[in-house]
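A.B. asks: Which chain is which? The protein sequence lines are A and B, in order. Numbered per this note's numbering, the first sequence spans residues 1 to 97. Numbered per this note's numbering, the second sequence spans residues 98 to 989.
Just so you know, not all the hints are guaranteed correct.
Straight-line Cα separation of at most 16 Å, EDC-like style, residue types lysine to aspartate or glutamate; simulated pairs [claimed, not checked]:
| no. | chain 1 | residue 1 | chain 2 | residue 2 |
| --- | --- | --- | --- | --- |
| 1 | A | Lys-21 | B | Glu-411 |
| 2 | B | Lys-152 | A | Glu-31 |
| 3 | B | Lys-388 | B | Glu-411 |
| 4 | B | Lys-253 | B | Glu-144 |
| 5 | B | Lys-745 | B | Asp-775 |
| 6 | B | Lys-745 | B | Glu-795 |
Which stretches of chain B does chain A cover? Using the computed rule of at least three CB atoms under 8 Å from a CB of chain A, they are [stated by the list, open to error]:
| no. | stretch |
| --- | --- |
| 7 | 112-124 |
| 8 | 137-148 |
Listed next, the stretches of chain A that the computed footprint assigns to chain B, with coverage defined by at least 3 CB atoms under 8 Å from CB atoms of chain B [said to hold, decoys possible]:
| no. | stretch |
| --- | --- |
| 9 | 7-19 |
| 10 | 31-41 |
| 11 | 58-64 |
No lab work stands behind these hints: they were computed from the structure. Since this is a predicted model, take the numbers as computed values, not measurements. Backbone N, C-alpha and C define an ideal beta-carbon position, used for all residues, glycine too.
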Amino acid sequence: MILTILRRGPLHGYAIAQAIKQNSDDLLQIEEGTLYPALQRLLREGWAVAEWQVSATNRRVRTYKITGTGRKQLARDVPQLEEMIKGIFSVLKPRES
Amino acid sequence: MWMNVFKRSANRREIEADIDEFLAEKTEALVKDGFSPEEARQRARREFGNVTLMKELSREEWNWRPVEQWVNAARYALKSLRRNPGFTATVLLTLGVGIGTNAAIFNLLHAVVLRSLPVPDAQQLRLLSVVRNGKEGEAIFSYPILVEMQTVLGEKSGLAGYSSIAPMRANTGNGEPEQAGVQLVSGTFFRVLGVTSQAGRLLSAWDDAASATYPAVISGAYWASRFGRDPGVIGRTVSLNDTPVTIVGVAPDSFFGLQPGSRPAYWLPVPAQHELRYKRNFWNSNGNTAKPFMKQPEIRWLSVVARIGDYRLEPWIATAVNQVYARDMQREARGWDDPVQIKTLLHSTVRLNAGDKGLGDLRQRFAAPLMVLMCAAGVVFLIACLNLASLSLARVTARRKEIAVRCSLGAGRMVIAVHFIAETLLLSLAGGALAVPVAFGASQILLRWASNGNPMPLNVGIDVPVLLFAGVTAFLAGSAFGLAPVLYSLKIDLNEAMKATPVKGMQLPWGRTLIAAEVAFSAILLTGAVLFVRTFLNYADIALGFSPEHVLTVQVDPMGAHMTAEKLLPVYHRVLDRLSEMPGVQNAAFATCGLAQGCKGISGIRVAGRPTEDRSMQENIVTPGYFAAIGMRLLSGRFLNRHDVGNKPAPAVINAAAAKLYFGDTNPIGRRFGYGGDIEHFEVAGVLADARVNNVHEAPLPMAYYSLEQMPAYATSLEIRVRGDARRMEAAIKNAIRQAAPGFPVIRVNPLAELVGSDLLRERLVARLASAFALLAIGLACLGLYGVLSYATTRRTSEIGIRLALGAQGGDVCWMILREALMLIGIGLMTGIPAAIVLMKFVRGLLYGVSAGDPGSILVGILSLLLIGSAAAFLPAWRASRIDPTVALRYE
Numbered sequence: 001m002i003l004t005i006l007r008r009g010p011l012h013g014y015a016i017a018q019a020i021k022q023n024s025d026d027l028l029q030i031e032e033g034t035l036y037p038a039l040q041r042l043l044r045e046g047w048a049v050a051e052w053q054v055s056a057t058n059r060r061v062r063t064y065k066i067t068g069t070g071r072k073q074l075a076r077d078v079p080q081l082e083e084m085i086k087g088i089f090s091v092l093k094p095r096e097s
Numbered sequence: 098m099w100m101n102v103f104k105r106s107a108n109r110r111e112i113e114a115d116i117d118e119f120l121a122e123k124t125e126a127l128v129k130d131g132f133s134p135e136e137a138r139q140r141a142r143r144e145f146g147n148v149t150l151m152k153e154l155s156r157e158e159w160n161w162r163p164v165e166q167w168v169n170a171a172r173y174a175l176k177s178l179r180r181n182p183g184f185t186a187t188v189l190l191t192l193g194v195g196i197g198t199n200a201a202i203f204n205l206l207h208a209v210v211l212r213s214l215p216v217p218d219a220q221q222l223r224l225l226s227v228v229r230n231g232k233e234g235e236a237i238f239s240y241p242i243l244v245e246m247q248t249v250l251g252e253k254s255g256l257a258g259y260s261s262i263a264p265m266r267a268n269t270g271n272g273e274p275e276q277a278g279v280q281l282v283s284g285t286f287f288r289v290l291g292v293t294s295q296a297g298r299l300l301s302a303w304d305d306a307a308s309a310t311y312p313a314v315i316s317g318a319y320w321a322s323r324f325g326r327d328p329g330v331i332g333r334t335v336s337l338n339d340t341p342v343t344i345v346g347v348a349p350d351s352f353f354g355l356q357p358g359s360r361p362a363y364w365l366p367v368p369a370q371h372e373l374r375y376k377r378n379f380w381n382s383n384g385n386t387a388k389p390f391m392k393q394p395e396i397r398w399l400s401v402v403a404r405i406g407d408y409r410l411e412p413w414i415a416t417a418v419n420q421v422y423a424r425d426m427q428r429e430a431r432g433w434d435d436p437v438q439i440k441t442l443l444h445s446t447v448r449l450n451a452g453d454k455g456l457g458d459l460r461q462r463f464a465a466p467l468m469v470l471m472c473a474a475g476v477v478f479l480i481a482c483l484n485l486a487s488l489s490l491a492r493v494t495a496r497r498k499e500i501a502v503r504c505s506l507g508a509g510r511m512v513i514a515v516h517f518i519a520e521t522l523l524l525s526l527a528g529g530a531l532a533v534p535v536a537f538g539a540s541q542i543l544l545r546w547a548s549n550g551n552p553m554p555l556n557v558g559i560d561v562p563v564l565l566f567a568g569v570t571a572f573l574a575g576s577a578f579g580l581a582p583v584l585y586s587l588k589i590d591l592n593e594a595m596k597a598t599p600v601k602g603m604q605l606p607w608g609r610t611l612i613a614a615e616v617a618f619s620a621i622l623l624t625g626a627v628l629f630v631r632t633f634l635n636y637a638d639i640a641l642g643f644s645p646e647h648v649l650t651v652q653v654d655p656m657g658a659h660m661t662a663e664k665l666l667p668v669y670h671r672v673l674d675r676l677s678e679m680p681g682v683q684n685a686a687f688a689t690c691g692l693a694q695g696c697k698g699i700s701g702i703r704v705a706g707r708p709t710e711d712r713s714m715q716e717n718i719v720t721p722g723y724f725a726a727i728g729m730r731l732l733s734g735r736f737l738n739r740h741d742v743g744n745k746p747a748p749a750v751i752n753a754a755a756a757k758l759y760f761g762d763t764n765p766i767g768r769r770f771g772y773g774g775d776i777e778h779f780e781v782a783g784v785l786a787d788a789r790v791n792n793v794h795e796a797p798l799p800m801a802y803y804s805l806e807q808m809p810a811y812a813t814s815l816e817i818r819v820r821g822d823a824r825r826m827e828a829a830i831k832n833a834i835r836q837a838a839p840g841f842p843v844i845r846v847n848p849l850a851e852l853v854g855s856d857l858l859r860e861r862l863v864a865r866l867a868s869a870f871a872l873l874a875i876g877l878a879c880l881g882l883y884g885v886l887s888y889a890t891t892r893r894t895s896e897i898g899i900r901l902a903l904g905a906q907g908g909d910v911c912w913m914i915l916r917e918a919l920m921l922i923g924i925g926l927m928t929g930i931p932a933a934i935v936l937m938k939f940v941r942g943l944l945y946g947v948s949a950g951d952p953g954s955i956l957v958g959i960l961s962l963l964l965i966g967s968a969a970a971f972l973p974a975w976r977a978s979r980i981d982p983t984v985a986l987r988y989e
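Could you put the whole structure together from the sequences, leaning on the hints where they help?
C.D. replies: In structure tokens:
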């Protein structure tokens, strides 16, 4: 999810949280803090890189940017995720016959 | 590692800053939305979740790496090892001593068998040997032949000649004159070996020309011990056998020549032979040994080493050397009339052998025993490791509850396995480190045991291969005793382990197998040790043919008195008369050859009326008291006596071997033999029982004794039979000789028993160490047996209690435990003894007077193991039988 957001362009932590909120129409009520372990995982796997920059609001923020491998991973994961969700739905809503 | 730590802390700061920034931004946004700053801050934090936890989790994303895991495991392992000082100490001690002794023996083996000479490109060196009658032997060449070979080879190969190492009287001007080893070498010697001096210069080709005073190179060790590394020693004149020589340089400390285990103090050019009176290990055919060896092609006395720079030239060099040698042999053959001998000479060839490890004397003597000892030490260590394995198994069994708790709290099995591996690695590392000083000390002790008196000059410093050996052994040992608990911990049944007193699974897994294996190994070692001890005893009571006890051997250098052999005769008499006046002296006699010192003169003889093919006769020229002094037994005829002066033919006393070979079953007394043309020069006066005069290991050769009164010669040995302790007479005897014959050079005084005993150093070393190892092995196996049984009986306390409560007698219980022990020992013996019989076949060459499968020795092995093993098992068995049923039933 974060990668999807980052694909649109580099963002810093708060902006990512905002974007998630907007994208999910406030449906996903996750604790904002969980974003950080997830971000670290992306950094560790090399799917994203971080850089200190000055934001539009004139703050010194750490901006995260997706990498090439991150994009590849995304391309791999999204269809997989869709498959899985499709699977879940087909179990939850069995075809009426 | 440090980079990693540094990066991690930087990373932590970044994450924290990032999160703080997030909160600040959110607060700001909320304030904009109309919240009060305080409210906004709280709300931001609330929506974020647990800030500290999130920081922690973010950090841990980076932490979960192998390094971190290992560091943690090591830290944890250290803690748990410190909590168990007994266990830790046992393991460290076992590893330290075990690896240390193994490394020490390896070190010796390495120094004797494996290490190359400390010269550049040692693999290019070749030692020349001669193949004669299909047998390969040491080759000695005359100096003219060496020069001829050098000329033929030209630039294609360096060639150098060297003599044996002769002890000579060295007078350096400071302190008493002492004996020093001297080796005569051709001028090319140091260049061919590629050695450079550490002070002054070494010998070079032009030193082969005779000069006023001979230049001498001294060894680094001699420089240090005798001159305290004084650089002013260059240019100093010292005297060797009363001949002045000038020290021109010092060889490197590591350089000892070509023979590991010996180190000459001086190297001199070959022309010095005559004046230094070097007469050792030569083969003279019609030459004159009273004249300088150097010019005479008839006197062969130099061994040869070659350096092959280009391997492709080796066949060519071999051919060239052989052509020169063939010419030499043709010339030699002209002096013989025996067709067999001529054929042998003409068919002998020279072979080039790898010389990178130097001469093989020491190697031949000690390689096999050291190999055997290495195996024995390895087996002992293996037993120790098996004990450690059962110890650590017991430990892991005791800790199973702790492990189960950790597992159920979420620790992965891998984490626990890693923890055990870390513990093992730590122990192995520490044990290996501990082993290095142990190895160093043990090497010195071993070396002293392997030498008589002063240790052999062998380089046994700990070097890279030895360290490598210790490291590898430590690692193997670690995996031997550390792997089992790891595997075990991986398959612990959690439910079972969590119970307060588990019903099953409390027996030591594999404990019994380990003990049976230990017993088997001990059986092998014990059988071997019994065989080696018997070998040593057999040698020790071998019929020497003389009795060395209470005899002092005085080595003398009569040539140092600068008199002809004839003029020396009265001097001998004066010394003998003076000695016979001393109250402690029984008999004394001079001889040209001492006993057990490698003085062995053999000549071809001709027997009147009886042509035999083997015509060799070892000879010794002695004063009449000789036979009484060393205690030889007469079989028939008479000994030599003082009245044998001017008799024609001259009387000779021969040994039984000579009598049998030359005179068969006929009576040898009165028969005649001689040398060269004078075929009736000697007449047999008496026959002696055979005696091992050269070496305990060497069967007596045909031998003849002639009278010094009749054949004046330079006597090098004075044998004195004394009453009581020979050592105590030493000073008095030296004094008496000095008074009777001032200026008559005495070199050394040794009890004869000591000289003879040094022949058995090897056997004694093997017997001693093999016994020590066997005892150690049995001790360890018994300890293991005791441990496993005690553990088992403690675990079975309640079961035994029930048995006793139900009416079993103490004796029954005792027998029950003992039976178990006996079964383990039995299984061990049944595998160990056949293995021992098979393995002992490989050491047959080291045994004497006892066969490899000697039933008596094997029986001794079986019985003593059974006995000692039962004794070890008896204590836990007895303790079990004394269990009070009421206490035992309440045990849980």
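A.B. asks: For each hint given before, does the structure comply? Return the numbers of the non-compliant ones in rising order.
C.D. replies: When the structure is compared with the hints, numbers 1, 3, 4 and 6 turn out to be violated.
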